[in-house]
Amino acid sequence: MSAAGSPGRLRRLAETGREPLSFHFDGVRLHALAGDTVLTGVLLSAGHLRKAEFGPERRAGFCLMGACQDCWIWQEDGPRLRACSTPLREGMRLLSGSPHYWPDPRS
Amino acid sequence: MSRVLIVGAGPAGMRAAETLARAGLVPIVVDEGARAGGQIYRRPPDGFIRPPKALYGAEAKKAAALHRMFEEMLRAGLITYHPQSSVLGFSGNTAQITGPEGMTAIGFDRLILATGAMDRLAPVPGWQHAGVYSLGAAQIALKAQGVALGRRIVLAGSGPLLTLVAHQLRKAGANVAAVLDTAPLSAQAVGGLRMAMARPLVTARGLAMRAGLGRLYHAGVRLDRIEAGDDGPCAMHWRDARNRSHVTPCDAVALGWHLQAETALTDLAGVAFDWSGTWAQWLPRADAEGRASGGVYLAGDGMGILGADGAEVAGRLAASACLADLGYAIPLRNRGRDMRRLARMRRFAGGVARAFPWPAEMIRNLPDSTVICRCEGITAGELGDTLPLAGAEANRVKSLGRIGMGRCQGRYCQRAGAELIAALAGIAPAQAGRLRAQPPVRPAPISLLCSETDNG
Ligand code: FES
Numbered sequence: 001m002s003a004a005g006s007p008g009r010l011r012r013l014a015e016t017g018r019e020p021l022s023f024h025f026d027g028v029r030l031h032a033l034a035g036d037t038v039l040t041g042v043l044l045s046a047g048h049l050r051k052a053e054f055g056p057e058r059r060a061g062f063c064l065m066g067a068c069q070d071c072w073i074w075q076e077d078g079p080r081l082r083a084c085s086t087p088l089r090e091g092m093r094l095l096s097g098s099p100h101y102w103p104d105p106r107s
Numbered sequence: 001m002s003r004v005l006i007v008g009a010g011p012a013g014m015r016a017a018e019t020l021a022r023a024g025l026v027p028i029v030v031d032e033g034a035r036a037g038g039q040i041y042r043r044p045p046d047g048f049i050r051p052p053k054a055l056y057g058a059e060a061k062k063a064a065a066l067h068r069m070f071e072e073m074l075r076a077g078l079i080t081y082h083p084q085s086s087v088l089g090f091s092g093n094t095a096q097i098t099g100p101e102g103m104t105a106i107g108f109d110r111l112i113l114a115t116g117a118m119d120r121l122a123p124v125p126g127w128q129h130a131g132v133y134s135l136g137a138a139q140i141a142l143k144a145q146g147v148a149l150g151r152r153i154v155l156a157g158s159g160p161l162l163t164l165v166a167h168q169l170r171k172a173g174a175n176v177a178a179v180l181d182t183a184p185l186s187a188q189a190v191g192g193l194r195m196a197m198a199r200p201l202v203t204a205r206g207l208a209m210r211a212g213l214g215r216l217y218h219a220g221v222r223l224d225r226i227e228a229g230d231d232g233p234c235a236m237h238w239r240d241a242r243n244r245s246h247v248t249p250c251d252a253v254a255l256g257w258h259l260q261a262e263t264a265l266t267d268l269a270g271v272a273f274d275w276s277g278t279w280a281q282w283l284p285r286a287d288a289e290g291r292a293s294g295g296v297y298l299a300g301d302g303m304g305i306l307g308a309d310g311a312e313v314a315g316r317l318a319a320s321a322c323l324a325d326l327g328y329a330i331p332l333r334n335r336g337r338d339m340r341r342l343a344r345m346r347r348f349a350g351g352v353a354r355a356f357p358w359p360a361e362m363i364r365n366l367p368d369s370t371v372i373c374r375c376e377g378i379t380a381g382e383l384g385d386t387l388p389l390a391g392a393e394a395n396r397v398k399s400l401g402r403i404g405m406g407r408c409q410g411r412y413c414q415r416a417g418a419e420l421i422a423a424l425a426g427i428a429p430a431q432a433g434r435l436r437a438q439p440p441v442r443p444a445p446i447s448l449l450c451s452e453t454d455n456g
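Here the protein sequences come in this chain order: A and B.
Just so you know, the numbering used here puts the end of the first sequence at 107, numbered straight through with nothing missing.
Just so you know, the numbering used here puts the end of the second sequence at 456, numbered straight through with nothing missing.
Rather than coming from a laboratory, the hints here were simulated on the basis of the structure.
Please read all numbers here as calculations on a predicted model, not as lab measurements.
Note that CB positions come from ideal geometry on N, CA and C, so glycine has one too.
Some hints here could point you the wrong way.
Claimed, not checked - Estimated spans, in silico, between C-beta atoms of each pair:
{"#": "1", "chain 1": "A", "residue 1": "93", "chain 2": "B", "residue 2": "212", "range": "28 to 36 angstroms"}
{"#": "2", "chain 1": "B", "residue 1": "367", "chain 2": "A", "residue 2": "29", "range": "18 to 26 angstroms"}
{"#": "3", "chain 1": "A", "residue 1": "77", "chain 2": "B", "residue 2": "200", "range": "52 to 60 angstroms"}
{"#": "4", "chain 1": "A", "residue 1": "93", "chain 2": "B", "residue 2": "71", "range": "33 to 41 angstroms"}
{"#": "5", "chain 1": "B", "residue 1": "339", "chain 2": "A", "residue 2": "29", "range": "30 to 38 angstroms"}
{"#": "6", "chain 1": "A", "residue 1": "93", "chain 2": "B", "residue 2": "61", "range": "38 to 46 angstroms"}
{"#": "7", "chain 1": "B", "residue 1": "54", "chain 2": "A", "residue 2": "98", "range": "35 to 43 angstroms"}
Unchecked claim - One-sided and incomplete, this derived list gives chain A residues near chain B with beta-carbon spacing under 8 angstroms:
{"#": "8", "residue": "20"}
{"#": "9", "residue": "24"}
{"#": "10", "residue": "34"}
{"#": "11", "residue": "37"}
{"#": "12", "residue": "47"}
{"#": "13", "residue": "52"}
{"#": "14", "residue": "57"}
{"#": "15", "residue": "63"}
{"#": "16", "residue": "64"}
{"#": "17", "residue": "65"}
{"#": "18", "residue": "67"}
{"#": "19", "residue": "70"}
{"#": "20", "residue": "78"}
{"#": "21", "residue": "89"}
{"#": "22", "residue": "91"}
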């Protein structure tokens, strides 16, 4: 994935020599680099992280410093996470909305 | 040995920790970052290779010195360090903390709060859309991740960060479409003079950066609205100082009006607050060294917006005050020098506040349909509707209209909310009251809180 050609909201300007990794967002396999946050990884390929709960618009984070809580998204199996302050890991399976079985009766 | 808990590992917290460690204490440092540095001297994750000069510009030496000092203390076991951890609240002299190991409780004898600051935000119609960020976010994205928030970015607001972020983004190869400063040139001239008298070099550096922006930069701007579609922003609508309308196409917007102290924990620790007309915000009450009430000490931007250099000095002073109160002898010569430095930082900060004022007028004229609470989409009109029942008091308006009750806990709407309440009721913003902080100050899963109670 070239820096300029990324289809998402963000644009990579530097630090492109890191190890590649892949993950899933809403079932689609995407690529990023080790050291990217979940927010960076998703938004390099997508336009948003989630839908707003109280309006028609979408959300893509706001402060990037853990203060606004705009960037919480779901994992297919596991707790929600704050995308701006969680490092992306190989194989993560992320969702822009809640999994259909939530709240999980198993937990 | 006395247990001193420091919250925050930015320049203030790091210098406080150093001062305590030198006196032989082993301070406990809790910080939300993965590595110490705070926002201003934030370090990228492992594997990133840009040198300090590329990340911190003229401040590279200071940043590197702080990072080195902290790493050395860590290696020598002089501090107990909890990175990626948030203090959620206090019960008496115990802090509840969540981090990688789940929930922990840490007891302390004295508390030093170096919680820093965040962007002070004013709502602009359309700011709820994906692709609108804070100015700080634009800087963090660049510094810590090497990314730009869009392909064509409009930066708007006011304050030193506006020019700095524009400069840094352009230098890194981002496309900045416009830099829109709501501060009129007249205010900037008066404030700028005070800034220059206190810190000529820093002021000159800022002016040079500003000059480098050339025709991208506009002063005395009024922001009308952010036009957005399904994919986020597509244009910023604004008027220049001569009231001519402009439309600047863009796919990202970053907003910020200088900074606002992060004071949720300070409030929960029982510190009193006073309204600061200069800063158009509530600031915690402390003496010149940062000594607040009840064994609590404050340092850095969480006490007042003095910037990174001021924070280093304030961190040393707060820790010295803490040591003195614990009965340690502290060298008076350093204290006098630091007090003089801090006074100079205060004069400079006063100039900054004057030069880049809070856009009260713009907020008072927002259309009723403007979203004020970004978390829950509550508009200026809905806020106004609560006033007949709630009265002109921020906490009551919050109870009835949910302004300040969303995910961010009022961090990004309370100043604008108070401004609107004041405008509608014909009172001063200070009279609209201050939103009380509520624990937990960061979100925490119920399961964590339950498990801690079980163990405790
Ligand atoms: S973007 Fe604000 S908390 Fe993540």
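> Cβ-Cβ distance between residue 93(A) and residue 61(B): within 38 to 46 angstroms?
Replying inline: Hint holds: Cβ distance 43 angstroms, inside 38 to 46 angstroms.
> Does the nearest C-beta of chain B fall within a distance shorter than 8 angstroms of the C-beta of residue 47(A)?
Replying inline: For residue 47(A), the interface hint holds, since the closest Cβ of chain B sits about 5 angstroms away, which is under 8 angstroms.
>> A closest beta-carbon separation below 8 angstroms is what the hint needs, so does residue 20(A) meet it against chain B?
In response: 12 angstroms, violated
> With a cut-off of 8 angstroms, does the beta carbon of residue 78(A) approach a beta carbon of chain B closely enough for the hint to hold?
Replying inline: 11 angstroms, violated
> Does residue 89(A) meet its interface restraint, that is, does its C-beta lie within less than 8 angstroms of any C-beta in chain B?
Replying inline: With a minimum Cβ separation of about 12 angstroms from chain B (threshold 8 angstroms), the hint on residue 89(A) is violated.
> Does residue 63(A) meet its interface restraint, that is, does its C-beta lie within less than 8 angstroms of any C-beta in chain B?
Replying inline: At 5 angstroms from the nearest chain B Cβ, residue 63(A) passes the 8 angstroms test, so the hint holds.
>> So, as I understand it, the hint says residue 70(A) touches chain B; can you test that by seeing if any CB pair is closer than 8 angstroms?
In response: Hint on residue 70(A): holds, closest Cβ of chain B at ~7 angstroms, below 8 angstroms.
> Is 35 to 43 angstroms right for how far apart the beta carbons of residue 54(B) and residue 98(A) are?
Replying inline: 40 angstroms, holds
> If you check the beta carbons of residue 339(B) and residue 29(A), does the distance land in 30 to 38 angstroms?
Replying inline: For residue 29(A) against residue 339(B), whose Cβ atoms are near 59 angstroms apart, the range 30 to 38 angstroms is violated.
> Should the interface hint for residue 37(A) be scored as holding, given a Cβ-Cβ cut-off of 8 angstroms against chain B?
Replying inline: 7 angstroms, holds
> When the nearest CB of chain B is found for residue 67(A), is that gap smaller than 8 angstroms?
Replying inline: 5 angstroms, holds
> Do the beta carbons of residue 77(A) and residue 200(B) sit within 52 to 60 angstroms of each other?
Replying inline: Since residue 77(A) and residue 200(B) have Cβ atoms about 58 angstroms apart, the given range 52 to 60 angstroms holds.
Of the numbered hints stated above, those contradicted by the structure are hints 1, 2, 5, 8, 9, 20, 21, 22, listed in ascending order.
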